[in-house]
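Engineer: Spelled out, the chains give:
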Amino acid sequence: MCRGSRLLVAAGLLFLTGSPAFAAAPIRIQAAHPAPQAVPSAPEGGFTVSLRDLSNPAELEPVLARALRESKLPGFALTVPGGTARIGRFSIGAGESQQGDVLVLNGNADLYGRLSGNLVTVEGDITLHPGSYVSGSVLAYGGQVHQAGGQVTGEINTIGSLPAEEVAAASPAALSPLVQALRNVAGLAGVFLTLLGIGFGLVLFGKPNLEIISDTVSHTFGRSFAVGFLAQVLVVPTFGVLILGLVLSVVGILLIPFAVIASVLLVLVAVLAGFLGVTHALGEKYTRRQLAQGSLGSPNSYRYVVTGLAGMILLWTGWAAFGWVPVLGWVAFGAAAVVTWLLLTVGLGAALLSRLGLAGHFAGRFIPPEALTDEYLWATPQFGVPAARRPGQHKTPPPVR
Amino acid sequence: MRALVVPGLLAVGMATTGAGALEGQSLKHYSTTRQFHGEVRLAAKIEFGGGTLNVGAGAPGSLYAMQLSYDAERFQPVSRWESGTSTVTLGLASRDKGTVGVGGTKQDQVADVQFSPQADLNLSMATGAAKSVVDLGGLRLSSLVVETGASQTEVRFSKRNAMRCTAAEFRAGVAELTVVGLGNSLCDRVSFEGGMGSVVLDYSGAWTADAKLEATLAVGGLTLRIPRAVGVTITTEQFLASFQPAGFTRQGNRYTSSNNATAARHLDIALTTSLGGVTVEWLD
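Chains as they are written, first to last, in our numbering: chain X, 1 to 401; chain R, 1 to 284.
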């Protein structure tokens with residue numbers, strides 16, 4: 001087989017394994033219903049499904065979908081007010097009667113006796129055998145209602161299977177690892193491109209600010225982290241105090257909407273600028289190292305941002321590729337999340353320390369830019385022989401503005 | 001490297017388009033029915049936004065039933081029952097506004113609605129951009145209101161109504177409305193209000209009593225098909241409208257068919273037209 005043909009076959013296989021139709025195949029296989037069991041009631045404030053009103057299936061649908069999804073998790077608990085919930089096959093025998101609404105998840109319901117309440121099955125059929133009686137309504141969600149002679153006072157409803165994406169969510173194994181990995185990679189690519197666009201915009205319009213934040217990250221990493229962490233702790237209380245102050249001042253009440261918007265924007269800008277500052281710093285360090293080793297290319301902020309962002313995204317590739325593996329996926333996610341949080345915190349701190357890149361107190365720039373004249377640079381050896389005298393060597397120059 | 005990238009991208013693209021195609025195919029199914037437990041009367045409202053609507057008589061064991069195939073992304077089924085007034089509202093509502101959706105859909109939505117032939121039926125219908133076929137033959141229709149928007153609607157009385165019907169009202173916007181077998185409807189009074197469009201009122205069927213028709217037409221064409229054995233009187237108020245009925249004697253704004261004096265059954269028509277054209281066709 002020639003190389004081209006092999007590639008075509010590979011593409012075909014990729015398509016087959018990646019296509020939703022293929023991915024959906026296991027769903028059919030999983031149609032077997034689990035063993036009958038009662039669902040314990042959820043604690044106060046837990047997951048509750050009310051079956052009192054079945055007249056609006058569109059509203060009920062997401063709740064039932066969630067119930068089905070969570071029923072496959074260990075420790076599943078659900079409360080049906082005035083009723084019960086069950087997993088698997090359910091029946092009421094001839095001569096038996098049951099009070100209250102009944103929710104049956106992933107199982108059929110066979111009624112021979114009496115039910116005083118509503119009956120709902122999710123991914124299961126309802127059969128109303130002769131002599132059966134339901135005082136309320138019945139709803140088969142993703143199933144059928146077979147009327148074999150039973151009586152129902154209310155409505156008999158059926159609604160089609162769960163939407164494909166909810167079924168997929170209900171059974172995580174339904175998605176092939178390849179599809180999951182492709183989705184994750186696509187998500188990462190989207191994040192990368194978005195940040196890249198913002199980063200390029202920042203380099204284009206706010207290069208000095210970005211460089212100061214970047215230098216602050218490089219020169220005061222620990223201090224930046226401490227400040228960023230403190231900012232995360234204090235941001236909510238500070239915001240609360242601000243709003244309270246405006247409320248107490250009565251006149252300031254009118255300013256609350258503006259204060260809210262301004263605060264949110266400020267935090268967002270600080271986080272974003274800080275993060276891009278971190279990527280810039282990482283990219284700069286890496287690029288300079290590469291250049292020192294003889295690599296070709298020119299050092300510039302665009303390259304730093306691209307390199308830094310690529311590094312950040314690389315952090316998540318482990319999760320993207322192996323996120324579907326039970327333990328390894330969680331570890332990869334956790335590790336990437338922790339490192340990202342660490343760098344975000346440093347970036348936020350650096351953005352705050354440098355007043356969003358307006359002040360270089362902590363940027364390690366002890367020589368004011370105006371001092372970097374051609375004469376100074378010519379007269380001052382940068383490497384090798386130390387300079388005898390450098391302007392302002394023994395005293396700290398005033399901060400850069 | 002490039003040799004690997006190209007098939008990879010192809011595969012991703014094919015998988016993505018495959019997903020899109022599958023998602024585009026989904027019409028959701030919903031059905032609702034209420035068993036007949038000896039109810040005497042039923043007031044039914046049908047609200048249907050877009051697609052094909054079929055209405056007719058159902059099995060004796062059910063008071064009403066509806067089967068829907070609908071675009072779940074844009075619409076949601078409606079089935080409301082008010083036990084105090086024995087009123088049911090059936091149909092499809094738009095998810096966006098919670099009202100009758102009129103917007104077009106790529107999906108071919110279908111609603112089949114059936115009513116019990118045993119309970120007196122007070123039926124009210126409102127359809128949007130829909131194609132409706134309503135066969136009321138075999139039902140016990142006590143009153144009827146049909147409102148259509150930009151739709152194509154055919155109302156048929158294929159069998160004689162099982163009881164007297166007090167009134168049948170038709171309101172059509174920019175619609176094509178055909179009502180066939182009004183003689184079977186046993187409605188004392190039929191009224192029609194039309195905006196633009198083509199309307200056919202066919203009075204064929206088994207007449208058991210005299211009937212009245214009030215028709216108001218703005219722009220469009222109204223065709224009246226009347227059995228030749230029925231005596232007809234038409235009173236018109238016209239403005240820029242053409243009305244040249246054959247076989248009628250004119251007295252001012254009143255037209256009388258030649259058999260009016262001898263006919264066993266009579267149809268009185270009050271006609272108000274602006275720019276519409278009215279045609280009378282005789283059925284042998």
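Some hints could be false.
[Unchecked claim] FRET-style restraints, in silico, Cβ to Cβ:
#, chain 1, residue 1, chain 2, residue 2, range
1, X, Q99, R, A59, 27 to 35 angstroms
2, X, P34, R, M163, 32 to 40 angstroms
3, X, E59, R, A59, 26 to 34 angstroms
Keep in mind that the hints were calculated from the coordinates and are not lab data. Here a beta-carbon is modelled for each residue, glycine too, at the ideal position from N, C-alpha and C.
Engineer: Which numbered conditions among the earlier hints are violated in the structure presented, ordered from lowest to highest?
Structural biologist: 2
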